[in-house]
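Enquirer: Chains A and B supply the protein sequences, listed in that same order. Residue numbers for the first sequence follow numbering that gives the first Met the number 0, beginning at 0 and rising by one. Residue numbers for the second sequence follow numbering that gives the first Met the number 0, beginning at 0 and rising by one.
Among the hints, a few may not be true.
Covered, in the sense of this in silico footprint (three residues per stretch, anywhere, with C-beta under 8 Å from a C-beta of chain A), are these stretches of chain B [as the list claims (entries may be wrong)]:
no. : stretch
1   : 28 to 34
2   : 45 to 55
3   : 86 to 94
4   : 98 to 104
Facing chain B, according to a computed beta carbon distance under 8 Å, are these residues of chain A, among others [stated by the list, open to error]:
no. : residue
5   : Asp16
6   : Ala20
7   : Arg23
8   : Gln28
9   : Lys42
10  : Arg77
11  : Ser83
12  : Met94
13  : Asp96
14  : Gly107
15  : Leu114
No wet-lab data here; the hints were simulated from the structure. Backbone N, C-alpha and C fix where the C-beta goes; we use that ideal spot for every residue, glycine too.
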Amino acid sequence: MQQSGQASATSLPIGSDADLAWVRQQVRQCAAQLGFGLVQQTKLVTAASELARNTLVHGGGGRAEITPLDNGRTRGLRMCFIDSGPGIRDLELAMTDGYTTGGGLGLGLSGAKRLVHEFSVDTEPGRGTTVTAVAWVAQVPASRPGVR
Amino acid sequence: MNQPTPGQPAVPVLALGDVLLVSLQGELHDGMAEQLQHDITSRVATSGVTGVVIDISGVEIVDSFLGRVLAEIASTARLLAARTVLAGMRPAVAITLVELGLTLPGLVTALDVDRAMELLSRGGS
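Excised from the complex, chain B in its bound form:
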């Protein structure tokens, strides 16, 4: 089997003050998505951040698997006292998700990272 890239690079998770910023780019293999879920959860638990921003402006498709992972990250972070905002979804991805039947009602969204940060800094729910 010719695997295109053995040893996928990990998705960078940056701490900016009280917020973790995660930027997803391009093709995300299922295994990487699950790894990311574990990484974010342990970072939230150990660092005591109060917010997580997941930037998906560089993601060309979100299927039901990635959608489920994103929703689970948000649910888990919430149980660990951090709020998650999904930022920068492309319009074509939004249209496709609705048609797919995956509207992710539990996820808070923002048009871009700046707005997501603002949303988190305002506090409230």
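The shape of chain A in the complex, shown without the other chains:
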């Protein structure tokens, strides 16, 4: 499901841990401007941090694109994390809680998915990975599978 962006996307490079901090700050600022509440802002920034770190660690770096959305009823934020790294061979496995190849806790993809409203992964071995996450202001998620 693609929403057409109402404003132009902000593109941010992801090449170091300082860039991760910059992505977090930009997502925070953008989410606050769009009217997201404090808890939603925190979830968005946390999801952005997880996904940007995936881009850095697994994708060998790349970029984040942050786009404000407006569907006529509410405003939202789309975050895309794009790399041209090795891609994800087994997406289902990569989306499993606790599965990791990066020495982390294996919560990056599956955890980030629970923090936003819409989530998709476009990947192909050898071609890279694009993860897209969308959240809408003041909208309760329909279901929250896997929350312990």
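Place chain B on chain A using the hints.
Expert: For chain B alone, coordinates are given in the frame of chain A:
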């Protein structure tokens, strides 16, 4: 590349009697978090403190990386005979961590630094 701040300031680690007090503030880069882990571990080993309080009231987000570092600090300190209390987590951070799936079951928490100090002074486990 325009790095925002080259040479990040180190996180201050204060010794208060038998306790190390570490106050995390604002944006913590991954490298700083790992440096902090090394600093606290060596301070615990050399100074013989019996408690570590990590104040995260100034931290706006905890992601799985920082969560792992905090849990590892506590585990390492425990092996070096010091107990760690995580103090002052913001409610929005707690909500987000649970949804993320990171509940940090091994970490002892307190609502603020005073309560953390009290917890450590009471002894026991």
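Enquirer: With reference to the structure, classify each hint as holding or not holding.
Expert: Taking the hints in turn, this is what the structure says about them:
no. : hint      : result
1   : 28 to 34  : holds (count 3)
2   : 45 to 55  : violated (count 0)
3   : 86 to 94  : holds (count 5)
4   : 98 to 104 : holds (count 5)
5   : Asp16     : holds (4 Å)
6   : Ala20     : holds (5 Å)
7   : Arg23     : holds (7 Å)
8   : Gln28     : violated (12 Å)
9   : Lys42     : holds (5 Å)
10  : Arg77     : violated (19 Å)
11  : Ser83     : violated (18 Å)
12  : Met94     : violated (12 Å)
13  : Asp96     : holds (6 Å)
14  : Gly107    : holds (6 Å)
15  : Leu114    : holds (6 Å)
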